[in-house]
Structure formats: structure tokens, C-alpha cells
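Going down the list, the protein sequences come from chains A and B.
Residues 1 to 109, numbered by my numbering, are exactly what the first sequence covers, in order.
Residues 1 to 113, numbered by my numbering, are exactly what the second sequence covers, in order.
If you are wondering where the hints come from, they were derived from the structure by calculation, not from laboratory data.
Keep in mind the model is a prediction, meaning the values are calculated, not measured.
Any given hint might turn out to be false.
Over 10 angstroms on every C-beta distance to chain A, these chain B residues come out as not near it, computed from the model [said to hold, decoys possible]:
1. 14
2. 18
3. 20
4. 41
5. 44
6. 71
7. 79
8. 82
9. 101
10. 102
Calculated cross-link-like contacts (lysine-lysine; reagent style PhoX-like; alpha-carbon spacing at most 25 angstroms) [claimed, not checked]:
11. A/79 - B/57
12. A/42 - A/68
13. A/69 - A/42
14. B/17 - B/57
15. A/68 - A/96
16. B/65 - B/18
17. A/96 - B/18
18. A/96 - B/17
19. B/57 - B/18
20. A/79 - A/63
21. A/79 - A/96
22. A/68 - B/69
23. A/57 - B/71
24. B/57 - B/69
25. A/42 - B/71
26. A/108 - A/96
27. A/68 - A/57
28. A/79 - A/108
Each residue gets a CB set at the ideal place from its N, CA and C atoms; glycine is no exception.
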Amino acid sequence: EDQVTQSPEALRLQEGESSSLNCSYTVSGLRGLFWYRQDPGKGPEFLFTLYSAGEEKEKERLKATLTKKESFLHITAPKPEDSATYLCAVQAEGNKLVFGAGTILRVKS
Amino acid sequence: EAQVTQNPRYLITVTGKKLTVTCSQNMNHEYMSWYRQDPGLGLRQIYYSMNVEVTDKGDVPEGYKVSRKEKRNFPLILESPSPNQTSLYFCASSFGRLGSPLHFGNGTRLTVT
Numbered sequence: 001e002d003q004v005t006q007s008p009e010a011l012r013l014q015e016g017e018s019s020s021l022n023c024s025y026t027v028s029g030l031r032g033l034f035w036y037r038q039d040p041g042k043g044p045e046f047l048f049t050l051y052s053a054g055e056e057k058e059k060e061r062l063k064a065t066l067t068k069k070e071s072f073l074h075i076t077a078p079k080p081e082d083s084a085t086y087l088c089a090v091q092a093e094g095n096k097l098v099f100g101a102g103t104i105l106r107v108k109s
Numbered sequence: 001e002a003q004v005t006q007n008p009r010y011l012i013t014v015t016g017k018k019l020t021v022t023c024s025q026n027m028n029h030e031y032m033s034w035y036r037q038d039p040g041l042g043l044r045q046i047y048y049s050m051n052v053e054v055t056d057k058g059d060v061p062e063g064y065k066v067s068r069k070e071k072r073n074f075p076l077i078l079e080s081p082s083p084n085q086t087s088l089y090f091c092a093s094s095f096g097r098l099g100s101p102l103h104f105g106n107g108t109r110l111t112v113t
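Looking at chain A on its own, in the form it has when it is part of the complex (with noise of 0.2 angstroms):
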């Protein structure tokens, strides 16, 4: 059976101090690993996507990295507008998307 879990399931920062969220997943045939963002209130919201183990993408304060097992959603020197729930997905055979249950950050000034 498909699998993603997260950890933390949540995550306090102070301003400036970096940090790292998990997605450890166990799939047949991963065709893509997502991170998507979600404000409260609101729907998720695209950040990246990770094809191949080795892969990193970047966006201003964050950056995601894959492995064969688990992709960390790296945060460096957080702003309290970063506070969000951080998701991620797997794209298995078939294009079936299985989601984890997120990781609440928490970026206090």
C-alpha cells in the first residue's frame, strides 16, 4: 500500500533558525514527489515538484531535496510568513497522488 508520512507533525521556530520537515513515503513506481503549501482558510498551494532521487529545487527560503526514500522540505532563516502547513504528495503508478497529513510550522518573531 501506498504511503507518505510526515514529520513533524509540528514544528516551532524562531526567526532565523533553520530547520528541516520529512516526507518518508513507500510507493510502487514514484512518478513525482510534491510539497505544497497551506495557509488557514485556504487551499494548498504548489511549491515544488522532485522526479528523480538527487534532485533539489529551490524558492527563496526554502529547498527541497529527494532520495530514494524521503524528500526534506529545508527552511533556512524563516520569517513569521512562512508560518503555514507544509504538505507533501507522491505521484505513484497510474497517477494516483497519496498525500501526508502535514507539517504545522509555527515562525515566531
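Since the structure of chain A is provided, determine the placement of chain B on it from the hints.
Below, chain B without anything else, positioned relative to chain A:
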């Protein structure tokens, strides 16, 4: 502006009273999908559609119906809602190709009493 529009944003209803949540997208996307989001469970797919008149079950289809008569619209129908369908619902669309990101609506919070 490219967007996925869901209506209503909030809905409170009683057990057994049929309801429809509408979803419309203006990006000419082939693929559309419905998800429900529950605490600790993440987003779970209810139904999806690869194109007009083509729909298929996701992981949690019981108690739901969909139709895709036009490319832009993908309504979610609850024929006889029950309290366990209380949830936050999202409609999403994409071009349906490998790696195409989903564009989500802003959600419909449904409460069934």
C-alpha cells in the same frame, strides 16, 4: 485570474438532505478531483475525472457522486449526507500530465448534524 472556484464555502445541513457542492475551473484543465481533509488524515481523494464524461473512484468514494458534463465543472453530490461526512472538502484541477501540479479551490467546510 486562473482559479478553481468552489461554492459554498460553508454549509451546515441535516442528515439525509441531499446537497451539491459546485466546482468550476477556468484553466482548461482536463483533470479534476475532489478531496476531503480531516485532522491527522491528510487529504484523501474521493473521485477524480480525467476528462469530460470520464470519472473514477478515489480512495473514499462511498456516499458521494460526481458528474463531468462540461470540462470546467465538476460538482460533488451527497445524496444522503451523514455526520461522518462532516469535513473540509477541496476541489482541484490540473492538466493531468506527469508532474502537473494541482490547483486547489479554497475549500468547503461541511457540517452534517
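Right, here's what the structure says about each hint:
no., hint, verdict
1, 14, "holds, 25 angstroms"
2, 18, "holds, 25 angstroms"
3, 20, "holds, 19 angstroms"
4, 41, "violated, 6 angstroms"
5, 44, "violated, 8 angstroms"
6, 71, "holds, 18 angstroms"
7, 79, "holds, 25 angstroms"
8, 82, "holds, 23 angstroms"
9, 101, "violated, 4 angstroms"
10, 102, "violated, 7 angstroms"
11, A/79 - B/57, "violated, 40 angstroms"
12, A/42 - A/68, "violated, 31 angstroms"
13, A/69 - A/42, "violated, 29 angstroms"
14, B/17 - B/57, "holds, 23 angstroms"
15, A/68 - A/96, "holds, 18 angstroms"
16, B/65 - B/18, "holds, 11 angstroms"
17, A/96 - B/18, "violated, 29 angstroms"
18, A/96 - B/17, "violated, 31 angstroms"
19, B/57 - B/18, "holds, 20 angstroms"
20, A/79 - A/63, "holds, 15 angstroms"
21, A/79 - A/96, "violated, 34 angstroms"
22, A/68 - B/69, "violated, 40 angstroms"
23, A/57 - B/71, "violated, 32 angstroms"
24, B/57 - B/69, "holds, 17 angstroms"
25, A/42 - B/71, "holds, 24 angstroms"
26, A/108 - A/96, "violated, 36 angstroms"
27, A/68 - A/57, "holds, 16 angstroms"
28, A/79 - A/108, "holds, 8 angstroms"
Checked against the numbered hints above, the structure violates hints 4, 5, 9, 10, 11, 12, 13, 17, 18, 21, 22, 23 and 26; every other hint is satisfied.
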